[in-house]
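All chains, full assembly: derive it from the sequences and hints.
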Amino acid sequence: MSTYRLSTLLSPGAVAVVGASPRPASLGRAVLTNLREAGFKGQIGVVNPRYPEIGGFKTVGSLAELSFVPDLIVITAPPRSVAKVVAEAGELGVAGAIIISSEMGRGKGSYAEAANRAARKSGIRLIGPNCLGIMIPGVNLNASFAAHMPRRGNLALISQSGAIAAGMVDWAAVKEIGFSGIVSIGDQLDVDIADMLDFYAADLDTRAILLYIEAVTDARKFMSAARAAARVKPVVVVKSGRMAHGAKAAATHTGAFAGADAVYEAAFRRAGMLRVYDLRELFDCAETLGRVSAPRGKRVAILTNGGGIGILAVDRLVELGGEPATLSADLHKKLDAILPTSWSGFNPIDITGDADAERYSATLSMLLADPDNDAILVMNVQTAVASPRDIAREVIRVVGEERVRRTLFKPVFAVWVGAEEAVTHAFDAASIPNYPTEDDAVRSIMNMVRYREAVQLLTEVPPSLPKDFDPDTETARAIVEKALREGRTWLDPLEISGLFAAYQIPMIPTLAATNAEEAVSWASSFLSQGVTVVVKVLSRDIPHKSDIGGVVLNLTSVEAVRVAVNEIMARAAKLRPNARLEGVMVQPMILRPKARELTIGIADDPTFGPVIAFGQGGTGVELIDDRSLALPPLDLPLAESLIARTRVSKLLCAYRDVPEVKRSAVALTLVKLSQMAADLPEIRELDVNPLLADESGVVAIDARVVVRPPERKFAGLGNSHFAVKPYPTEWERHLTVKDGWRVLARPIRPDDEPAIHEFLKHVTPEDLRLRFFAAMKEFSHAFIARLSQIDYARAMAFVAFDEITGEMLGVVRIHSDSIYESGEYAILLRSDLKGKGLGWALMKLIIEYARSEGLHYVCGQVLRENTAMLRMCRDLGFETKTDASEPDILNVRLPLTEEAARAAGSA
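In this note's numbering, the protein residues as written are 1 to 907.
In case anyone wonders, no lab produced these hints; they're calculated from the structure. Source: prediction; values computed, not measured. Among the clues, some could well be false.
[Stated by the list, open to error] Each computed BS3-like pair below joins lysine-lysine, with the alpha-carbon atoms no more than 27 angstroms apart:
no., residue 1, residue 2
1, Lys738, Lys545
2, Lys834, Lys844
3, Lys761, Lys738
4, Lys777, Lys834
5, Lys175, Lys233
6, Lys662, Lys672
7, Lys844, Lys881
8, Lys834, Lys738
Here's what the structure looks like:
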């Protein structure tokens, strides 16, 4: 239900506490006390039939006896009575309830299930159960049992742990950091992390969002909300349970490496969220985000009066992937003019131990004006020569003046070693992030850099895939379905070869033999060409052949092949007596001495669905433990990013007499694997090890594939097993408009950005004004990226192309509301193509899509002067109504269901 009724729940006009108690140590008393002491301006009601008065408030026996209808109720009553309270509240029209009560149970027959069932009947939203409550400083609302009320600010905290939320409040009070809201969501019976992300992403009072997560329930909903939020503001997440080892029992290497936390890491990265690993980092990020914007790059200038601490800061900066800013000749000359001859002469800029406030001020001013750094770290080690307080005061003055002077201000961070409380308070008041050690400061700076890079990856335009990549999905599906019909879960090597050929993934030729003589016959064809041979055991029950000596390399004669086959079969029968031995595989020996051994694969996570793995291959893959994961679907930049996160990526470069690997071939193979996962949900696990990669490309040497009947993980049409909804191929259409003109209409893609730029050149300023309700003079990359990079889980845009010229002709889009009841449409055509029936065809297509998605209405806003659009809307069956606040705008709405049509007719 997303943000439905959350605005009222989080900013209520009236609140009632159900289960309040006069007992000093009770939850009900604590909540009531907090409501009063926070200064909530609305009405407060107290429901408890056992007492006439609690804490100065007159009580009533039930919600119905209150003289007003509360917008929000806080329930601290016993678990068995919660469902009844929720039902009563729903009948009265209450918007939301916070269930503080714990021990509600889970699943069918539990108190929690009964409360949820009651809530769904009326649409009342539930936060909890088993939660701390909520604190919204902007409306003086403290509906929690926390010990303190936070000050007002621009950070939102969403936490699955009440203790973490309470701890953040206490820490923020010391650091003078405020919050737009703190929401402890508890067991997420109704309102979940995704709902709150959607709410705070749209909240104008929230600058950044902090998350504490223990587990995600609906991964697609979470990913959709997280990606949308991260596009507009920083989202920082800390997750507990990093040491889970549940996936170690998986059969393939890939499954063994796809541990739960590694998949969460991949999900956070794909969403553009900044992950930190402990509360200290979360606190530091909160401080940084609450005071400054992220640096525009990773070049950091370090100003210090102590050489040792400066060098430590540089070491940590480089270790975390940052760059010490280079001092240009011009800057060096300027610094020489104001600093002692003994200054360091490089970054870190050590202005020597006797530096006073004036020296700090002059140097900092030069660094702020220097274009060759993106952030500045100012550090001070206390000496008897100069007052740390005076130096801090001067730094604050320079930074303040610079902020007034410049629109794009580079962030400044401070470390005052052993600083007295007055200094840290002064920095806090001046919104300069400050830390006790250089390690804390550098870590926070680089966290901000990582956030900036994650957002850039979200909006990057991927290059188009090669036009000749056209997988043979029909053949691939036939291979998988045959195995499933036969009751098998492992594909045999010949089937794997066929599968890989269908997706144009190069693989070593493989022939199967049931006995030694047949193997000799196959091997002869290779040996006669001067190619040596490899023989491997063939058994669906022995996935790791080398474990039993089931691989013999570099065989040079038919006799050697015969001996190897007999020995392999004997060894397999002895060491795996219950395994089904189907024979052996015969392959040519691949001699690529400069090739790197890699591994790629697919694993199936119970929460997030398929994940793609990449790393260093070979028989020691588990010991080396060099893998990275990514959620599909992948494009080439995402595949490159996946590769870059491994240690083996450095070995792909040229070194000594070893040429550089053709990285584009490795990345493209990962994209092909991603497409395979999208097309064939039956593939639960896939492991290629090794994948040989060198300057000529890649070739798969050995692979294992596990197949099972597909499961529907996520709701919706089309692909239901990816947490990130992939490109919906099923919605590609060929439309015929007036005069038999054929156009291709398909869902928009990120790589359409250049075509959109060109398309907009063919739209008149007047048509742009009618579309955007304002004059549009230019279109930035960020603006067009938002148009072309959509989340198919919550929006759709169809672009029309001329099938002959490839030119973009028009676009129609729809974005669903927060409860997925209605979708708002928008349409724009080339100005020279009006009257050809293209607009009508695109509107019919978007209506068809909305109906298939289960929306009840398609709606929109049209300027009254846009008569052509209004005429088409009326012809399509839209109702029209003048907007109550904007008489120049008409609201149009088309009912898509019989129920919606009846409701519209009775309105």
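Hint-by-hint comparison with the structure:
no.: 1; hint: Lys738 / Lys545; in the structure: 63 angstroms, violated
no.: 2; hint: Lys834 / Lys844; in the structure: 16 angstroms, holds
no.: 3; hint: Lys761 / Lys738; in the structure: 24 angstroms, holds
no.: 4; hint: Lys777 / Lys834; in the structure: 22 angstroms, holds
no.: 5; hint: Lys175 / Lys233; in the structure: 22 angstroms, holds
no.: 6; hint: Lys662 / Lys672; in the structure: 16 angstroms, holds
no.: 7; hint: Lys844 / Lys881; in the structure: 21 angstroms, holds
no.: 8; hint: Lys834 / Lys738; in the structure: 11 angstroms, holds
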